[in-house]
Each structure stands twice: as C-alpha cells, then as structure tokens.
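Enquirer: The residues making up each chain are set out below.
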Amino acid sequence: MLLKLGRFVGKAGRCSIVGNKSPNVRRGYRYRIDSLKDPYSELSQKLLSMGLVQGAIIEVVNVAPLGDPVQIRTQGYHVSLRLNELFAMNLTLMQNSVL
Amino acid sequence: MTSNSVTRNSLPNGSGDPRKKPLRVAIAGVPNSGKTTLFNALTGMRYKVANYPGVTVEKKEGRTVLPNVGEVIFCDLPGTYSIFGGSPDELVASRFLSGLIPSEEQPDLIICVIDTCNLERNLYLASQLKDQGRPLILALSMNDLALRDGIHIRKELLARNFGAQVVDISGRNKTDLSSLYASLSSIPPTASGFDWCLCPEFIEHSKTLGVRFAELQKVSASPEQSIVLGMSLLTGARASAHPALETQVQTAREALALKGISAGSVETRDRYAWISSVIAKSVSFASAERNRGTESVDRILTHKLWGGLVFLGIMALVFQAIFSWAEAPMNLIDDGISYFRSFVSSWLPPGILRSLIVDGIISGVGSVLVFVPQIVILFFFIAVLEESGYLSRAAFMMDNLMRRFGLQGRSFIPLLSSFACAVPGILSTRSIPSWTDRMATILVAPLMSCSARLPVYTLLIAAFIPDTALLGFFSLQGLTLLAMYLLGAFGAGMIALLLKKTLFRGSSTHFVMEMPPYRMPQPLNILRTVLDRVLLFLKAAGTIILACSIILWFLASFPQREGASRAEAVESSYAGRLGHLIEPVIKPLGFDWKFGVGIVASFAAREVFVSSTAMLHNLEEEEPSESLVLAVKNERDPKTGKLRYTPLTAISLMVFFVFSCQCMSTLAVCRRETGSWRWMAFMFAYMTAMAYLASLATYQLGSRLF
Chain A
1 MLLKLGRFVG
11 KAGRCSIVGN
21 KSPNVRRGYR
31 YRIDSLKDPY
41 SELSQKLLSM
51 GLVQGAIIEV
61 VNVAPLGDPV
71 QIRTQGYHVS
81 LRLNELFAMN
91 LTLMQNSVL
Chain B
1 MTSNSVTRNS
11 LPNGSGDPRK
21 KPLRVAIAGV
31 PNSGKTTLFN
41 ALTGMRYKVA
51 NYPGVTVEKK
61 EGRTVLPNVG
71 EVIFCDLPGT
81 YSIFGGSPDE
91 LVASRFLSGL
101 IPSEEQPDLI
111 ICVIDTCNLE
121 RNLYLASQLK
131 DQGRPLILAL
141 SMNDLALRDG
151 IHIRKELLAR
161 NFGAQVVDIS
171 GRNKTDLSSL
181 YASLSSIPPT
191 ASGFDWCLCP
201 EFIEHSKTLG
211 VRFAELQKVS
221 ASPEQSIVLG
231 MSLLTGARAS
241 AHPALETQVQ
251 TAREALALKG
261 ISAGSVETRD
271 RYAWISSVIA
281 KSVSFASAER
291 NRGTESVDRI
301 LTHKLWGGLV
311 FLGIMALVFQ
321 AIFSWAEAPM
331 NLIDDGISYF
341 RSFVSSWLPP
351 GILRSLIVDG
361 IISGVGSVLV
371 FVPQIVILFF
381 FIAVLEESGY
391 LSRAAFMMDN
401 LMRRFGLQGR
411 SFIPLLSSFA
421 CAVPGILSTR
431 SIPSWTDRMA
441 TILVAPLMSC
451 SARLPVYTLL
461 IAAFIPDTAL
471 LGFFSLQGLT
481 LLAMYLLGAF
491 GAGMIALLLK
501 KTLFRGSSTH
511 FVMEMPPYRM
521 PQPLNILRTV
531 LDRVLLFLKA
541 AGTIILACSI
551 ILWFLASFPQ
561 REGASRAEAV
571 ESSYAGRLGH
581 LIEPVIKPLG
591 FDWKFGVGIV
601 ASFAAREVFV
611 SSTAMLHNLE
621 EEEPSESLVL
631 AVKNERDPKT
641 GKLRYTPLTA
651 ISLMVFFVFS
661 CQCMSTLAVC
671 RRETGSWRWM
681 AFMFAYMTAM
691 AYLASLATYQ
701 LGSRLF
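Protein chains in written order, with my numbering: chain A, 1 to 99; chain B, 1 to 706.
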C-alpha cells in the first residue's frame, strides 16, 4: 500500500512539474526573448514586470538540484523560474552559448 | 474627500502652526530595494503596523518632525514590481496613491526608492509612479555598491531625463538622509507622465476605457488616473469584472492589433525602451561585469552536495540555537513566574479569587510567556536569512521537492520553522505571493510537530516504550520519537496534496522569484522585524490564551468538594465530568476518562496535558518526571486490577497529538493571517477529524495485530 502511495505522490508531482517534451536547460545557455506565448496571462504580466521583455537577453547561471527551477541573469540581476515559466516565452537559443 | 489634484507650492514652515496639516509622504519601491531600510531610518521607533481596511495587506505608518518641514507622516507601501496588476499588494498601492482608500488620505508626495544596482527594473516602477501625476522624488539606494560595480549615475542628468527630483540616500553603513530632508522642505513640481509611450492610440484607448471603468466603479478619477486604469485593463494586468467593459477591452485590443500593436506587451516594451534611453543619457558603466561575486557563491550554495550540506548545517545551527540558547531564558522566565505565583499567593487570602489568579491566569499566561525566548530566536534567524538573501536560495533548491506535495519552494522555511513553533511559521508565509500556496502552507503548518508536543511525547515514551535498542544500536524510544515527527511531516504533505486537488484545484501559482544579491543584514531592520512579530504573537495569542486559561480553571475547579484529595477534586469537577462524558467516544481510541481530561485541557496549550495528568495522580508536576512516569505506567483499572495503559494506548495517544489542533495561538494567528474565521474553523475541524481517525486506526489495527 505504501508503494502505491509513493507512486501516487510521484505522479501527482511529476505531472505538474515539467512536460515530458521540455528541452534540457543547462548552465551557460543564453537566450533572446522574442515574444510571449500569451501576453495577457497572469504569468506573462509577472514576467514582464520582472523585466523579461521582448528583446532581452537572458543567461542561465544556475540549475536547481533536480533540474527545475533555473536561475537566470538578465540586465544585471537574477531571477529564478520554473521551466514551464521559462518556456511560456518564445526563446531563441543564441549561437555563442556554452553547449 | 480629499481632492485629487493637490499642488502645494508654498513652503510649510516648522514653527508649529497647529492648523497646518502634516505632510503625507508615501514610500514606494520594488522588493529588496532598500525601501524598508529607508522607512526604518526615517521613522526610528515611532511607527505603527496595521492592516489596510478589508485586506490582509500590511500598512506601516510612522511620524516624525523635520526642521523646515514640520510634521511628516511616512507611509510604507507594499513592495511591488509594478502597481498595475490585480494582486492585493498592487491594488492597495495604486488605490492608496490615487486617494481611493476611504480611510486614507491621498499622499502629498511619493518617494520611490531606486536600487541603483538594478536600474532598469526600479525605474520601471518609478515610471508607473510618474504616470500618476503626483510630486515624485527618486531616492537612490546602494549607490556605494553600484559605484563598486562601475555604475556611475549623474544625478542632474537623470533628474532631467527622467523628469523627477533625484537624491542619494546611500551610505556605507547608515542611510544618508541629509539630501532627502533638504528636498522635502520644498515640494517638487508634479511629475508629468506618459512620455515613455510611443503609441498615442494606446493612450487614447486607455483613456476611453479608464473613464468608463471609473464610472462603473463610481469613483472620480483625474485624467491621469483614468489613463492608468485603462492601461491596466488593456494590458491584461487587471480584469474589470464588468462583462460589457470586457468586450470593449477586447475590441480595443483588436483595433490596436490591426495597427500592429500588441496591447499586452507594448506598454512594458515601450517603457523599458524609454528607460534604456534615459539610462544611456544619464549613467555611465565602467565595466560590464556585474554581480559575479554573488554568482560564484550561489554556485556553491545551490550545489546538489555542497549546497545541501551548507543548508543542513544552517538548519542544524538554527534548531540547536532554539533548543539550547533558549533554555536559560526559558528557565529564567519559568522561575520568575513561579516566584510571582508564590508572591501573589502569600499576598492574597486563600479562596476562589486567589485560585483564579494564581492557578488560572498566572499559570495560563505564564505557559505562553515561557515560549517567548524560542520564538524570538526563531524570528531572529528567519529575519537574518531573509535580509541576507539566503532564503530565496533555500526556496530555489526546495521548489521541485515541495511541488510533489502540492506546495512550492517558498513554503519550505515556514514549514521548517513550524517544527519549533507554528506561529512564526505561519507569520513567515507572507513571503508567498500566491494565495492558494500560502493558504495550503498555513493550513498544514500545525501538522509539523512543534516543541509544545515534546513534553507529551517524552512522558508517554518514557512510560510505555521499552528502553531497548533495535539491532543493538538504534534506541527504540528514539525511533518512536522520530516516527512521530515523520508522521506529522508526512501528514502535512498528504493534506497539502489533497487540498491542491480539491479546494484549490485549478488555481494558477507562479514561482517566478527574484534572487537578490547577498547583503549584510541591517541590525535596525532585524530588530524591528523581530519586535513587530513578537508583539503580534503576544497580542494574538495572549488574549486568547488568557480567555482559555480562565475557562479551563473554572472547569477544573468547580464544583468544589471539601476534604477531597487533588485527584478526587479534579474528577468531580466539570473537567472531570467532561472527561467521563467523552469516554465512550474516546474508548475506541484506547483512552480512558483521565486521558480524556488531559486531552480536553490540552486544547488550550499542549503542555497542559502533562500538568493535568499529574493532577489526576495527585502530583504537582508540570514536567514529565520520574514520579509521574511511574504513576502513569502503573495505573491500574480498579475493577480488573490489570494495567490500564499499554504501549499501544500510548502510541495511539501520541498519534492523536501529532494530528490534533490543540493550540489556541495557532488558531488565533491563522485567523489573523487569513482574515476570516472560516479558515480557522476549517483548520480546527479537519485536524480534529484527522486526529480522531488516525488514532482510531492505530488503536484498532494495533489491537488486532498484536
């Protein structure tokens, strides 16, 4: 019974964390923000107010122990966000990123 | 009502004209900008904290008298990244500035604190404040750090290009208020807004929508305020809740889209573009490398292995501090209370009044006061971790794990603190912006076994769990204690997950969190934070504990019996009768009426279980001692002569204590932080139900299996 419970917890958690098709994000990756997927959503408003606007360059400087969330640097300050929040923006991976 | 377009060009003098109104100044700024430091420096200890009417947003106000200015009232607005949005903090900030909060007067002047290491984002908020069309001063903080990073701000150029007065308040160790004081002596002209906007159509549509919105809300808004209202609707920062207006908003968005303007992002994009040009004209950058120091530290502190170890180390230190450093002051307070009790006893004639005061009031309130040192230490450490910036790193590391249980990273420290005491834990949930996450954290916080449960566990384990070692190494008693703690944490996780899937289903929560650079905590800020929170605790908990102590005293002391022993007196009192009354209900849990009395009594404060059990065995104990342990262990059923309690009974009782909500202070603070009695009632109800069911399951299954 305990095993079943464990699987339930893991599944519940995993479903809400990251979609299975999320690309791998590593330290040193640099992106340019092209646009927001849904400019009117609450999340977008939050991202915008934090300075994550069209044309901004962000760099991933740190990744949490389990891969999510990530810490990015933009315009001199740091913001941490979950991968699904990061990919709520349309991003272009920049050429000279550390790969 | 106050007029919306106050322009004070005359110099208020400080010669004490009683009819002169005090100057009202609002202090705004993004979180971590140094706004609170400024407020503390301006007001010292002359401040008061309350809530804005109808919301659980904190309001801080302080007064001071300045030469050449007269009396000044400073109002610290909630720290927000923008004042456009619909979150409670942003709504309160924007309404306060427009004079729309009924009990608050509109401020005469706004000071916006600007963290010079983060110019773009701070000026973003400042530009929104400028739109309001009120007198505005930009106060530059942390300029010394910015200079070190190579950022050189030319104040006059910034003032001219931005369009507001600029003063520097940075100081190496202390805030430098001289230039701010100087600028307060003559009100700057009102700032004119919207010069950042490159699309006149956007402004036009905003104005129309804003005017309509103001009409629907039945408020009178100045032209600037209408435009601001309209912009917040058009960008989607706020929803209007008027269907007709929503359609209008949609039409406006489509009209703008036809012209190639995306209403959702144009405002932010144009603002940042304007801010970039302002910065380019007013600030010079010596080097492009900023914030590298913080990053290298972060790489260690958030590292899987090293970060985890550092974290465990810090947590171990905090708990060690709480349990060992607090011991001396706690004993001191304990002794002080005992002394006070005997003093009052000797002073008053024996009788009901003396009993009420000594056994009821002083004991009851004293049992709360004894915990104050632990709470102070806990608040102190949380404040230091918060000020230094480490708290956000802890949230960052724990977010993934917490999400598996329906919570988020920022819930971690509040829940961890609840292992010492749930009250500071619940108070520190203020850092969680998402309402549902915050509620979930508050509701499960009491399940983390707090230090008040420890005397109960200690007594029962010592009496009923054999002192043997499992595998020759692990003490069975220690393992039982650990099991109780783990059970509480596990229960919290399950309940949070359940809440997420039922009550809080479908609500959106965001993690997006700024990670400020590491900073030295400011002593004055720490002092005031700790003081504020301790006073809050004493006020919320103290009153309710006092009431409960008196009620309990009454239940346990009446009706009186002459010549009866202590135990007999308690048995025939209302409390004893209550114990007998609930006996059939608690029998399936393995308890008898004596435990029933203890459980009823401990609903005021958990530690009372020990002292009430002692009373029933004719002892004067307040803590688990040898004699009490033996008395409880050897308790025999008068009818059968067999031992009444078994280890299973003890475990069942401990399980009951793990899950039940027996702390009036926690309920009081819960009510205060959630702003309603409903959630407090819910917390009590679900925990009591859980305690009963868990205890039932434990005892029934246990008696079948063993």
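Possibly wrong hints are sitting among the right ones.
[Unchecked claim] Selected chain A positions facing chain B (Cβ under 10 Å, derived; list incomplete):
#, residue
1, Asn24
2, Arg26
3, Glu42
4, Ile57
5, Ala64
6, Pro65
7, Pro69
8, Leu81
9, Arg82
10, Glu85
No wet-lab data here; the hints were simulated from the structure.
Using N, Cα and C, we set each Cβ at its ideal position, and we do this for glycine too.
Enquirer: All the hints need checking, so say for each whether the structure fits it.
Expert: Checked hints:
A hinted interface residue such as Asn24 of chain A counts as satisfied when its beta carbon comes closer than 10 Å to some beta carbon of chain B; here the least separation is about 15 Å, so the hint is violated. Restraint check, Arg26 of chain A versus chain B: the minimum CB separation of about 13 Å is more than 10 Å; hint violated. At about 6 Å, the closest approach between the beta carbon of Glu42 of chain A and any beta carbon in chain B falls short of 10 Å, and the interface hint on this residue holds. Given the 10 Å rule on beta carbons, the hint for Ile57 of chain A is violated: about 12 Å separates it from the nearest Cβ of chain B.
Proximity of Ala64 of chain A to chain B holds as hinted, the smallest CB-CB distance being about 6 Å (cut-off 10 Å). The criterion of a C-beta within 10 Å of any C-beta in chain B is met by Pro65 of chain A, whose closest approach is roughly 4 Å, and the hint holds. For the restraint placing Pro69 of chain A at the interface with chain B, the shortest Cβ-Cβ distance is roughly 5 Å, inside the 10 Å limit, so the hint holds. Interface hint at Leu81 of chain A: satisfied, since its Cβ lies 5 Å from the closest Cβ of chain B, which is below the 10 Å cut-off.
At a threshold of 10 Å, the smallest CB-CB gap from Arg82 of chain A to chain B is about 5 Å, leaving the interface hint in force. With 10 Å as the threshold, the beta carbon of Glu85 of chain A comes within range of chain B, its nearest partner Cβ sitting at about 6 Å, so the hint holds.
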